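Protein sequences, first through last, are from chains F and G. Quick note on UniProt numbering: the first sequence kicks off at 1 and runs consecutively. Quick note on UniProt numbering: the second sequence kicks off at 1 and runs consecutively.
These are computed hints drawn from the structure, not numbers from a lab. It is possible that some hints are incorrect.
Which copy is meant is left open, because identical chains are indistinguishable; a pair holds if it fits in one copy or across any two.
Claimed, not checked - Here are the computed lysine to any residue pairs in the SDA-like style, where the Cα-Cα straight-line distance is at most 20 Å: (1) LYS152 x PRO142; (2) LYS276 x ARG118; (3) LYS276 x THR85; (4) LYS276 x ALA210.
This structure is a prediction, so every number in the text was calculated from the model and none was measured.
Here is how the chains run, residue by residue.
2 protein chains.
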Amino acid sequence: MSTDIHPFDRAIALVATGVPGRYQGQASRDYWNMVGPYGGITAAALVQAMQQHPQCLGDPVSITVNYAAAMGAGAFEIDADPVRTNRSTQHWLLTVRQAGEDGSLQVVTTATAVTAVRRQTWSATDAPMPEVLPAAEVQRAPALVDAVQWLKRYEMRFVDGILPAHSDGAERDSCTRLWVRDNPPRPLDFASLAAVADVFYPRVWLRRAARVPAGTVSITVYFHTGRDELAAAGEAPLLAQARGQEFRNGFFDQTAQLWSDSGLMLATSHQIVYYKE
Amino acid sequence: MSTDIHPFDRAIALVATGVPGRYQGQASRDYWNMVGPYGGITAAALVQAMQQHPQCLGDPVSITVNYAAAMGAGAFEIDADPVRTNRSTQHWLLTVRQAGEDGSLQVVTTATAVTAVRRQTWSATDAPMPEVLPAAEVQRAPALVDAVQWLKRYEMRFVDGILPAHSDGAERDSCTRLWVRDNPPRPLDFASLAAVADVFYPRVWLRRAARVPAGTVSITVYFHTGRDELAAAGEAPLLAQARGQEFRNGFFDQTAQLWSDSGLMLATSHQIVYYKE
């Protein structure tokens, strides 16, 4: 394992199996969360599978990833199937399987996605980047020795809504804004943008100031730029914003936006998250 | 065809084929849009397929529907596959196929969904219903003789952001708020809530005041209530709100909220929409 390869690229590396559309990867220890890899890294591996597929048309426009079960350590298999190819758009079904306790392959993640060849058109935004301090003027969140692995893979500078240090149970607004980039820095691409869209700690921890068990059930990412605009964003931090909408009977949703440091909307994202009592 | 059956129920009626999880439906003329059925009615049929499946666990929590190709008139087939069933959640893959010009079955729609058995927990909202005039005090949008069929299936009362009567090209905020319910009224359930989440005309028509060709590529609906709370919403109008976020190079996204008339958040929804020019 060369140390020249960025941990992110190691984590999403896929090997073609010989079966069309089937790729093998390894659950990343570098992005380990509590009971499995960080959800964002699985989303990134699915983007990678599409982009590696010889029939892939255009760039990602949309992906929805459903975490059906915790992924365990070791190998996993992705099936990436371009089920419908139109003139300028392509629709994908993706499934991640892993060997269960009895050795049989079981579905741990499902996804659908759309890729497209985009053309320049009239464009506008209705969600301009909020005015916040530039990244360089915001203190970097300290690296915590006992943190889960994936947290160490991101450089985070919280502008608003940092995780309350104490679970005081005081209810508050669930909005978080942070500057964030890969650690160490890495040029932005579709896979890393998909990964960072899941970077927010559970909104219920902020809203309720109580760290109850919680986990993403389904995340959707809409990509708003082409690969050239992503490349132009380079290694600069992104401004990432998330807010919960409704917390009810075991599930809450959040809506999120990701802007380049020059104020370009790169992606919007939504997720629904399980939480316990 | 009995006139006692509500057009919505006729539109989402599915017949089991004998193959497990496979159902046959008919593209609805009552909900016809320009070149195929209204996207919301397809989402509703997919919800119906899950709920009709003998292995369905709990109620819908999330569904993502991808419109891979325009559905034509006539029969279609839904495959509803509960690919992973956990203790209290279940993950679904759904595919809609229809005979193409050469008679072979082709994928026209894909979807993933999550159903769950929900339990009462701490709950809260971060998206309270905006203060607007009650439905009874808002003028009902006139029925247009030349409107597409599906528009006649909804009673709409626009509070804000009605479709500009003239394409004046003046750019404006893309927010629309309307009171909406089935026409004729029908008690709310998961299928009809999924359908109404797609009720908004394309945000680009409002933002840009130009009716360019546009069509939903992918929609996600998060359901925030159980069946009892939906039943309590009854036939009363819902307050539906949608706003575009980013319009760029052929695609825009929108974020939407749906509240009961008593102010309960019933669903949040997002979609990414293709637009031309």
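We went through each hint and held it up to the structure:
Proximity of LYS152 to PRO142 under the C-alpha cut-off of 20 Å is restricted to the intra-copy arrangement: shortest distance 10 Å within a copy versus 58 Å between copies. Taking the shortest Cα distances, LYS276 and ARG118 sit within 20 Å of each other only across copies (11 Å), while inside one copy they are farther apart (41 Å). In this homomeric assembly, LYS276 and THR85 come within 20 Å of each other (Cα to Cα) only across copies, at 19 Å, whereas the closest approach inside a single copy is 41 Å. Taking CA atoms no more than 20 Å apart as the test, LYS276 paired with ALA210 passes inside one copy only; the shortest distance there is 11 Å, against 46 Å between copies.
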